[in-house]
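Enquirer: Sequence:
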Amino acid sequence: MNVPEKLTGCISGPSDSTPVTDNRTSAHCTPRATQLELHDLRRVRLPPMPAGLSRNDQNRWYVFDELITHEQSYLDALHKLQYVIFNALEATETFVAKDTLQTIFGTHQRICRLHQFGQVLLEQCVREWPGTGVAGWMILAMVEQPALLHWYDLFIRNHKRTMELYTAESNRNRIFAWFVGSKLRELGEQRTFADYFIMPVQRMPQLLMQVRELARYTHETHPDRALLDRCVRRITYIGEQLNAATGRSEAVRTVLHAIEQRDADRSRTFAHDADQCLLLYSETLSEMFRNGIGERIVLLLSDRLVCAKLPAQQNAGKSSASFHQQPNAIGTLTWVLPLQEFEVECSDQADSRLGSTESLASIDSIRDFGTLSSVRDLMSTFHRSHDTLNVDTCSEELNKIWSTVLFVEQIETPYAQNVSTYYLFFIQSSDEAEEDATLIHIKPAKGRRRILKTKTADGKKEWCYTIRITQLALRAENSPGWWNSAVYAPYEALFCKTLAADNFASVWSLRQVKQTHTSYLSLAYVWPSRFASEQVTAACCFAPNTTTSAYSNELFRVWSNRQHVLWLILKDSHSSKISLYTHDRRTNRIDARATICLPTVRVSSVVYVPVGQVGNTVTDTVWITTRSRLMIYSATYPMIEARLKSIRIKGTPNQLFYHDRRVFCGTVNERLLIFSLKVDGGWDLQTPQQCRCGTVAAMCVVSSHLYMAIRAHLRVYDSTVGAFVKHLASPAACSEDRRYITLLERSVHGLWIARHHCGTVSLYHAKHRKHLLDVNIGSHVARFLAEATVDTVAAPVHVLSMQIIENFLWVGTNVGLVLSMQLPQSGNVPIMVDQMAVAYHGHLEDVAVILALPSLRAHPAMEPEAIDVDPLLVDKLYKNTRNPARDLTETRLGIEELQVSFIDLNVPLEGSGERVSSALQDASCDDGEAHSALTASTVRVNDTSRETDDGGDIAAAPDKADERTATETSIWAPNSMLIITGGRGYIKRQHNIDHTTCLQGSSRSRSTASIAELTDSWRLSTVDEKENVILWEKRYN
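Count the sequence shown with the numbering used here and you get residues 1195 to 2231, in order.
FYI, nobody ran anything at the bench for these hints, they're computed from the structure.
Yeah, the Cβ is synthetic: ideal placement off N, Cα and C, and Gly gets one too.
Each hint should be verified, as a subset may be incorrect.
If you anchor each label on the Cβ, the simulated ranges turn out as follows [stated by the list, open to error]:
hint : residue 1 : residue 2 : range
1    : His1451   : Asn1365   : 46 to 54 angstroms
2    : Asp1652   : Asp1912   : 42 to 50 angstroms
3    : Asn1365   : Gly1488   : 31 to 39 angstroms
4    : Gln1400   : Asn2169   : 32 to 40 angstroms
5    : Lys2073   : Pro1638   : 54 to 62 angstroms
Computed cross-link-like contacts, BS3-like style, restricted to lysine-lysine with a CA-CA straight-line distance of at most 30 angstroms [to be verified]:
hint : residue 1 : residue 2
6    : Lys1844   : Lys1961
7    : Lys1964   : Lys1920
8    : Lys1637   : Lys1649
9    : Lys1594   : Lys1637
10   : Lys1594   : Lys1640
11   : Lys1691   : Lys1637
12   : Lys1637   : Lys1647
13   : Lys1961   : Lys2070
14   : Lys1640   : Lys1691
15   : Lys1377   : Lys1354
16   : Lys1292   : Lys1691
17   : Lys1872   : Lys1964
18   : Lys1377   : Lys1292
19   : Lys1647   : Lys1594
Please model the entire structure based on the sequences and the hints provided.
Expert: What follows is the structure in structure tokens.
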């Protein structure tokens, strides 16, 4: 095969070391272009067509040859603008403004990088085409890159204005015009700058035609047909999205032009100009007036809310700012409100604020509901009627409590007549209540209130949510929020709030009170923490398992089904503390609930266990390890708050993990304890399976197997057979692979591994154990510190935490920085590591916790593909980043179980738990974990358990399956999730301001008028040593 020529300005493909800077005044702006280094990409060609091919195969050959020729010619054109023109202009910087260069070439360079990345795959595909005849894997790997749609969208939307800028600069600056013209003439072609610059706009339609043609000549039984069909669907989708984005952009320009005609001075005060403003949401709504109602088209732009009359309602003789002169009329402008200058009143959304410390009013109501339900059941047994004591009165009160806790708007129930068996649901039957559920009240800072009416109650919630998330994106804290982000601004993780997880000065603790049928909790005041700064070291989050009898209180069960419960573990130099929060999955509200102080105790790990019984208490549980103990708490917060068990473990436990009805507890002295369920459903805490396998540092589930990191290698535990079955060793040839493995995560792409005191995250194929790529976190941090902030870090960077969240890789570091990178949705699409973004918000040090709290909004998961496990495809996709010398070696094994001494210092009780005081005394004597008494400066949850005659279980309720169906059907929830990071302290790093603006600015870029006002706040670092938790909110993609 001939490779006679290099591509123009040949350079190396994207890598970690390639500098990519960012010239934005917000979190998401056109990237700042830099001179690209030379690479070794070459133009490749197919060999002559062999004889004897069928007519159909000949057509496939011709079409594929045309496809690779066009793709390489397109990349060559991109190179000419970047290397021949931009690099020369960037080197001189004498006769053209820097911001002009960035505006013209910034997004163009990102597109160039994408196709450089694809050129490596194309070379491999061309080399193998004569023998295989398949190309779908290569095309799919290019078009499913997550950044491709964004950069093409940004380029196409701003192409017209960018060319206007180029033309204006050429007319004004004759040296610039001469320089560009002379460079183009040196290329020996007749094309102008406009001819080259229009090519990205034309590329997707051309590619779609070529791939369609290739699929047309590919037989249905051909191994390449399925992937080619998928490529056609993907490119079609990209084209539709680009067309829709272009249409929205034109609509925005039309609307902004009408606003400027109406009030030119006011239009310049908005946060975004015509090049930065995006249309995010629009719908035909009704506007309410005192004397009537009118149909309106309402548009939510990225910085303002616009309302207009529909074209059919125009008065022919009325003169007003309008944008209905074109055939596709939008309407006549009526009013415009900046998003920062109004509030939205939504009764059902009023409690969706984040980080609230308003505490236990709903818990009080839930407790009262359970008590009143029992009272009503007793009243139903009366033999005679009583005027002031009757079932109807109790049912009315139950309805009020139900509506207060759950914010029920309208629920129909078939049980309204049978009040002796079922309580009444809260029903708003009046027309006014139904209408209020669809009204959006807009309160501007100045001017009169506006009232909009949606078609449905869910439509109102969607509007309120979208306005709120857009207002959040406009906050100065999110302008910028991330550096080097390749995600649309509204879909970035938005900074919401910081919390001091140990600060419960205004939160009430819990004290148990003995009841007849159940155990409820009364209130006791918690004093402020005596510690100035505490560090978050571990956490667990779970949706409660409400299928047990512990949730027999119907209101509590329904309320719990909407909640996540979050346990945060904090420590200082001497003690640990557990902070409990709840997350309402229908409103994304976070509430601080309780704290448990453990003086002189060091908590090492925590895990949620959804099944099993401890003692006589049927409930889900939370297991916690200290230096020498395993403590088990009820997870049925807050109805049961007993410590159910506290047992001594020989050796220092350091890891807990739940998988497949087993709890795995690793210890520092290289022992592994595996707790299993007994036949009666209780946990066998006396005789766990015990193995001497080494100190376990991390665990992760891959398919049905549990992977454990032990020193520098992995061991695979098969829950089906209850034994280790594989040993995966790192090669000794690489010094990095001799470091101990500390973190494991699984995604559709494979197994992510981080090592002790190492700044690199490695990806391995989950089935074939092949090394795929390394993500150098340290290099990204160095670029961020050099290019985007004036802050520095003193310590070498290493990875401390890692999490896969909604197809994003999140990484926490020892220096407090938080990073994230969007991953392809498919496992057979290679990863571009230069898309790593760094958050300006972070911690002072040690980001040990990254957790996701998804809402109840349904979000489909990606289905695995058979092609993802093709070992030959793996080698092709990661040709540039694979290091075969680092592949893991597999050995099948079986580890003999050992009889290790195991001591349970606590006598099992007949009740649900044991008294905490005795357990704490045992720990104090043997472990040196002295526990102080409750004082004014240190107050913890009084978790002394109930008396043994309580029985441990909440009385079972009658079956109300139909009620549960009517009540718990999730109609609407936010299209977003919360993400929590925890470490020590909080810092908002300084943004290295560049006062230049660009036409291709982001949807959170500030206008020229507002940049000066925000400069001072952007350049100041914010440091808070007490705030140790950061809340982010991220929309689903």
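Enquirer: A separate judgement is required for each hint: does it hold in the structure or not?
Expert: We went through each hint and held it up to the structure:
1. His1451 with Asn1365: 46 to 54 angstroms: violated (24 angstroms)
2. Asp1652 with Asp1912: 42 to 50 angstroms: holds (45 angstroms)
3. Asn1365 with Gly1488: 31 to 39 angstroms: violated (47 angstroms)
4. Gln1400 with Asn2169: 32 to 40 angstroms: The hinted range 32 to 40 angstroms holds for glutamine 1400 and asparagine 2169, with Cβ atoms some 34 angstroms apart.
5. Lys2073 with Pro1638: 54 to 62 angstroms: At roughly 58 angstroms between Cβ atoms, proline 1638 and lysine 2073 fall inside 54 to 62 angstroms, so the hint holds.
6. Lys1844 with Lys1961: violated (36 angstroms)
7. Lys1964 with Lys1920: holds (15 angstroms)
8. Lys1637 with Lys1649: Roughly 21 angstroms between the alpha carbons, so the hint for lysine 1637 and lysine 1649 holds.
9. Lys1594 with Lys1637: Judged against 30 angstroms, a Cα distance of about 29 angstroms means the pair holds.
10. Lys1594 with Lys1640: violated (36 angstroms)
11. Lys1691 with Lys1637: holds (24 angstroms)
12. Lys1637 with Lys1647: The given pair, whose Cα atoms are some 15 angstroms apart, holds under the 30 angstroms limit.
13. Lys1961 with Lys2070: holds (16 angstroms)
14. Lys1640 with Lys1691: This hinted pair holds, its Cα atoms lying about 27 angstroms apart.
15. Lys1377 with Lys1354: holds (23 angstroms)
16. Lys1292 with Lys1691: violated (36 angstroms)
17. Lys1872 with Lys1964: Judged against 30 angstroms, a Cα distance of about 39 angstroms means the pair is violated.
18. Lys1377 with Lys1292: holds (19 angstroms)
19. Lys1647 with Lys1594: holds (27 angstroms)
Going down the numbered hints, you'll see the structure goes against 1, 3, 6, 10, 16, 17, while the others check out.
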